[in-house]
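Participant: What follows is the residue order along each chain.
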Amino acid sequence: MRFTKVIIPITLCVLLVSFATPAQKQKAPAAQPQKPTAVVTPIDTDALKGLLSQQRQKPLLVNFWATYCDPCRDEFPDLVKIDKDYRAQSIEFITVSLDDMTDINTEVPKFLDLMKAKMPAYLLNVNDPEPAINMVDQRWRGDLPATFLYNEKGEVVYKHIGRVNVAELREAIDKVVKKGSS
Amino acid sequence: MRIRNLSIVFASLLVSASAMAAVGARTGGEVPAPPAIGATIDDFTLPDVDNKDYSLKSLMGKKGAVLIFIAVQCPVSNAYNERMEQLAQDYKAKGINVIGINSNITEDAAAVKAHAAEHKLTFTILKDPGNKIADRLGAAVTPEAYFIDTNNKLLYHGRIDNAKNPAQLETSDLRNALDAALTGKAIEKTEAKAFGCSIKRG
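So the sequence lines, in the order shown, correspond to chains L and U. Oh and the first sequence: position 121 is 121 in the working numbering, straight run, nothing missing. Oh and the second sequence: position 11 is 11 in the working numbering, straight run, nothing missing.
If you are wondering where the hints come from, they were derived from the structure by calculation, not from laboratory data. Errors might be hidden in some of the hints.
Some chain L residues well away from chain U (every beta-carbon gap over 10 Å; in silico) [what the hints assert, rightly or not]:
hint, residue
1, Asp78
2, Val80
3, Gly142
Pulled a few chain L residues facing chain U out of the computed Cβ check, cut under 7 Å [what the hints assert, rightly or not]:
hint, residue
4, Tyr68
5, Cys69
6, Pro71
7, Arg73
8, Asp74
9, Leu124
10, Asn127
11, Glu130
12, Pro131
13, Asp143
Example chain U residues on the side facing chain L (calculated, C-beta under 10 Å, incomplete) [claimed, not checked]:
hint, residue
14, Gly38
15, Tyr54
16, Thr190
17, Ala192
18, Lys200
19, Gly202
None of these values were measured; they are calculated from a predicted model. Every residue gets a Cβ at the ideal spot worked out from N, C-alpha and C, and that includes glycine.
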């Protein structure tokens with residue numbers, strides 16, 4: 001009697017384990033976190049200067065932002081829409097992140113992927129951001145977001161510090177595009 | 001004083017208007033201009049995280065004070081927590097008191113208090129309802145520092161140092177300013193652009 005009491009639960013346990021084990025083996029491996037696909041290029045102050053000041057075929061829109069900046073994240077969908085609406089016809093659009101270099105393959109592209117952003121993305125790779133900020137605009141204090149529109153000659157024709165006013169930005173783009181094509 | 005401030009504001013408006021007029025550029029969204037180096041900061045009173053009022057005068061050290069706009073949620077400000085606490089400890093003994101100011105409308109006194117406890121920030125932190133002092137000082141981001149002498153004269157304004165990541169530290173602008181003032185030397189760099197998260201204004 002005692003033997004039966006002991007052997008039955010043991011047998012049941014063995015059976016349970018033997019059924020459970022193959023099931024676990026069949027379980028799909030844990031999903032690996034997907035690697036972000038957006039390419040973010042590091043850029044230093046001189047290279048950024050070259051990019052902003054060169055003569056070009058089309059006006060250039062530049063948005064300075066960072067993943068830690070809430071208004072930057074908030075305005076990004078509007079900027080992606082502007083890029084979609086204007087890129088084919090009239091403007092170049094680049095984004096420059098002021099995040100840490102340590103975020104270049106992680107947080108920054110992850111956010112760009114989430115936003116489905118297609119504009120060329122750069123990350124300011126400098127130890128000291130001040131010379132770059134001054135180079136862009138002596139009066140800009142480095143607060144984010146900051147958006148600048150350059151005409152074909154490399155002159156600033158519109159700037160906005162803080163979350164952009166979409167209607168105002170579109171108006172400025174339309175104006176510079178019209179000027180360029182006339 | 002008010003007339004002087006007005007003339008400074010008017011002059012900066014003229015300069016910016018003429019600079020932008022050169023290419024017909026438009027601008028917007030900028031925070032109020034900060035006082036010029038050498039300007040006097042009027043005394044003010046703000047509540048701390050326990051809603052106890054403190055005047056700037058009452059918190060002033062024997063050799064001056066450093067006001068730092070800080071935040072609870074900003075990763076840049078948070079990257080400076082240890083450095084700010086160390087700064088406060090190093091200079092308290094030398095007569096300069098560090099005072100934190102949280103002007104973010106999105107962060108209430110309870111959150112600021114909990115954050116200070118979590119990160120062991122021992123210096124006084126004031127809450128700035130309605131961003132009045134952030135507007136008066138033209139503070140745009142966190143962290144952003146203002147060093148004033150015992151006469152409330154602004155001696156340095158800007159960043160704490162050059163890098164969010166302490167491994168990239170090259171210039172300790174704020175400490176350099178404090179050390180120069182303490183040793184009676186001229187401050188070489190009186191302004192350095194602060195970088196960080198925008199102050200969340202109402």
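Participant: For every hint, state whether the structure bears it out.
Facilitator: Each hint tested on the structure:
{"no.": "1", "hint": "Asp78", "verdict": "holds (14 Å)"}
{"no.": "2", "hint": "Val80", "verdict": "holds (20 Å)"}
{"no.": "3", "hint": "Gly142", "verdict": "violated (5 Å)"}
{"no.": "4", "hint": "Tyr68", "verdict": "holds (4 Å)"}
{"no.": "5", "hint": "Cys69", "verdict": "holds (6 Å)"}
{"no.": "6", "hint": "Pro71", "verdict": "holds (6 Å)"}
{"no.": "7", "hint": "Arg73", "verdict": "violated (11 Å)"}
{"no.": "8", "hint": "Asp74", "verdict": "violated (11 Å)"}
{"no.": "9", "hint": "Leu124", "verdict": "violated (10 Å)"}
{"no.": "10", "hint": "Asn127", "verdict": "holds (5 Å)"}
{"no.": "11", "hint": "Glu130", "verdict": "holds (5 Å)"}
{"no.": "12", "hint": "Pro131", "verdict": "violated (10 Å)"}
{"no.": "13", "hint": "Asp143", "verdict": "holds (4 Å)"}
{"no.": "14", "hint": "Gly38", "verdict": "violated (19 Å)"}
{"no.": "15", "hint": "Tyr54", "verdict": "violated (27 Å)"}
{"no.": "16", "hint": "Thr190", "verdict": "violated (14 Å)"}
{"no.": "17", "hint": "Ala192", "verdict": "holds (6 Å)"}
{"no.": "18", "hint": "Lys200", "verdict": "holds (7 Å)"}
{"no.": "19", "hint": "Gly202", "verdict": "violated (14 Å)"}
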